[in-house]
Amino acid sequence: RGDGKNAQTLRARLTAAQLERLDALPYGDLVLSAEDALAALEAEVARQREQDSTWRMPQSYAMATAWDPAWKAGMWVASRRGDRKKARALRARLTAAQLERLDALPYGALSAEDA
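Residue 101 in the numbering used here sits at position 80 of the sequence shown; the count goes up by one each step and never skips.
FYI, nobody ran anything at the bench for these hints, they're computed from the structure. Since no wrong hints were added, every one of them can be taken at face value.
Derived DSSO-like pairs (lysine-lysine); straight-line CA-CA distance at most 30 Å: (1) Lys26 to Lys107; (2) Lys93 to Lys107; (3) Lys106 to Lys93.
Construct all of the structure, not just a fragment, from the sequences and the given hints.
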């Protein structure tokens, strides 16, 4: 996919039938809203906390969702935490209410103030 030279070279090697099959794949069509992500994360936290009241989501955490059987939920949260340029850009897309919900998620190692 794409207009790059490498993509065009690779596409040129495919038959018409292969191109048709390739173009029919749902690549890049998923638009995951922050609301959907936060709702899934909050539900997962509630589920996990039923079993362990101190459970916290690690960066490596993956979970099954309607949009991905192995969604990298921990990475979604991690990418919106901290003071990195990318995190600030992703946080800027969230509403104040969404930021509160994100910040309320138990993420990462247990800190002294959480203990």
